[in-house]
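Student: Sequence:
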Amino acid sequence: MHAVKERLKKNDIAHVLLRPSFSFLMFSEFFSQIAFNMQHFVLIFLIYELTHSNTAVSGIILSFTIPAILFSLLAGVFVDRWNKKTVLFTTNFLRGVMLLPFLIPNAHPSIIYTLTFFIAIATQFFLPAESSIIPLLVPKQKLVAANAIFSIGIYSTVLIGYILAGPLLLVMGRSVFLLLSVLFFISAFLILGIRVPKREEKHSAVSIQAVELSIGREIREIFSYMRKVRNVMRALIILTMAQAIIFTFAVLGPGYLATILKTRVESLSWLLLAPAALGMVTGALILGSNARKLKHAPTITVGFIVTGLIFIFLPFISSVSSKDFILAINSILPSFLDVTGVHIIVFLAFIAGFSNALVFVPANATIQSQTPESIRGRIYGFLNAMTGSVSLLPVALAGGLADIFGVSQVITSIGIAMIILAVFEYIF
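Using my numbering, the letters of the sequence shown correspond one by one to residues 1 to 428.
Since the hints were derived computationally from the structure, they do not count as laboratory data.
Since the structure is predicted, the reported quantities are computational estimates derived from the model, not experimental observations.
Careful: at least some of the hints might be erroneous.
Claimed, not checked - Have a look at the derived ranges for each label pair, beta carbon to beta carbon:
(1) 404 / 231: 36 to 42 Å
(2) 182 / 404: 36 to 42 Å
(3) 397 / 109: 15 to 21 Å
(4) 170 / 227: 29 to 35 Å
(5) 101 / 405: 32 to 38 Å
(6) 423 / 70: 32 to 38 Å
(7) 70 / 405: 28 to 34 Å
(8) 298 / 171: 40 to 46 Å
Backbone N, C-alpha and C define an ideal beta-carbon position, used for all residues, glycine too.
Please work from the sequences and hints to get the whole structure.
Tutor: Written as structure tokens, this is what we have:
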């Protein structure tokens with residue numbers, strides 16, 4: 001028994017998981033992130049079913065992203081001063097409460113947009129509190145292991161949330177919002193099991209003037225640092241562009257399934273989102289195992305180019321599946337292994353997820369390795385604000401352009417833009 005304990009002490013991951021407060025945080029994260037990821041796509045499905053409009057889907061994405069522009073920096077200032085455990089409990093509880101009105105039948109889209117906006121505001125306070133409480137729960141020398149566990153939790157819950165969103169909406173209808181609400185409540189009460197050292201539980205009244213001064217000073221510090229460390233600025237730009245592209249495609253996803261693949265929009269979760277999330281997990285694991293062998297810039301370029309090529313190819317899936325070479329492959333395969341457009345789209349979604357990992361993992365690694373802990377939270381807060389700001393125009397335009405010119409043309413344009421961006425980023 002003593003030998004086992006000694007081995008566990010030497011294993012960083014096991015040591016961190018055996019810390020009760022950190023385990024409560026991870027269990028809480030599991031439930032809240034599943035609810036969070038499912039909520040996004042259930043709302044996209046719902047608004048498309050109500051309106052059959054890509055423009056309306058743009059509205060729901062904007063309801064997610066605008067609060068990041070308006071509140072992420074302000075939220076970071078307050079979270080640094082508030083009890084982070086209280087912030088986590090309150091934001092999860094409020095998100096659970098605000099999902100309950102979605103149970104009302106035939107709710108007007110304006111009500112859906114408004115509630116989504118307020119849920120997103122609560123999330124702006126939740127995100128920095130969740131990331132910044134980890135150093136209070138584990139020793140400094142165990143932070144790498146703790147963040148590895150945290151990342152695995154996020155990726156796995158994204159995968160689960162994406163897989164479940166469509167099927168649960170089909171089976172449960174509006175009642176799915178009751179389930180999501182319960183998941184947020186469970187997450188909130190698991191937070192109560194966290195024990196933060198008393199010396200870390202600081203409260204301070206902050207005047208509006210003090211907050212304004214603090215925000216101004218902190219923004220100046222961020223820009224000053226990024227001017228000195230250009231790799232961090234480049235990584236922030238890359239992550240912002242990549243996230244903006246993902247948001248834009250999320251607007252077009254339901255229309256793509258309905259108009260090109262001719263299938264129900266609820267199929268988005270298992271046809272595109274789940275394979276893409278699995279591809280991201282696979283890519284992250286492979287990159288993590290070979291981190292020392294990879295150079296960040298070429299890896300990011302390859303990720304952008306592959307994803308761009310897939311976007312260009314996506315509108316032609318239905319026609320490709322009937323081409324002679326596909327028919328030739330099917331002629332030599334058993335009937336139950338016949339290749340169809342569905343198989344192709346699932347495979348491409350997986351590759352797109354994998355290639356996105358080639359962008360996100362190295363860019364995040366650059367930020368984490370080249371920013372001091374004292375400003376890392378603010379850097380990521382700035383990233384959230386920048387992502388929301390840059391996403392605003394393409395997300396707002398994507399739905400309208402798709403309604404005017406067609407989903408295929410817009411998706412192809414995104415793919416071409418990604419390849420141009422990859423070449424430009426690599427050269428400059």
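Student: Does the Cβ distance between residue 298 and residue 171 fall inside 40 to 46 Å?
Tutor: holds, 45 Å
Student: Between the beta carbons of residue 423 and residue 70, is the distance compatible with 32 to 38 Å?
Tutor: Between residue 423 and residue 70, where Cβ atoms are some 34 Å apart, the hint holds.
Student: Taking the beta carbons of residue 70 and residue 405, is their distance inside 28 to 34 Å?
Tutor: holds, 31 Å
Student: Assuming the hint says 15 to 21 Å, is it satisfied by the Cβ distance from residue 397 to residue 109 or not?
Tutor: At roughly 19 Å between Cβ atoms, residue 109 and residue 397 fall inside 15 to 21 Å, so the hint holds.
Student: Given a hint of 29 to 35 Å, does the C-beta separation of residue 170 and residue 227 actually sit inside it?
Tutor: violated, 51 Å
Student: Between residue 182 and residue 404, does the C-beta distance stay in 36 to 42 Å?
Tutor: holds, 41 Å
Student: Look at the Cβ atoms of residue 101 and residue 405 and judge whether their distance stays inside 32 to 38 Å.
Tutor: At 35 Å between Cβs, range holds.
Student: Do residue 404 and residue 231 keep their Cβ atoms within the hinted range of 36 to 42 Å?
Tutor: holds, 40 Å
Of the hints listed earlier, the one the structure fails to meet is number 4.
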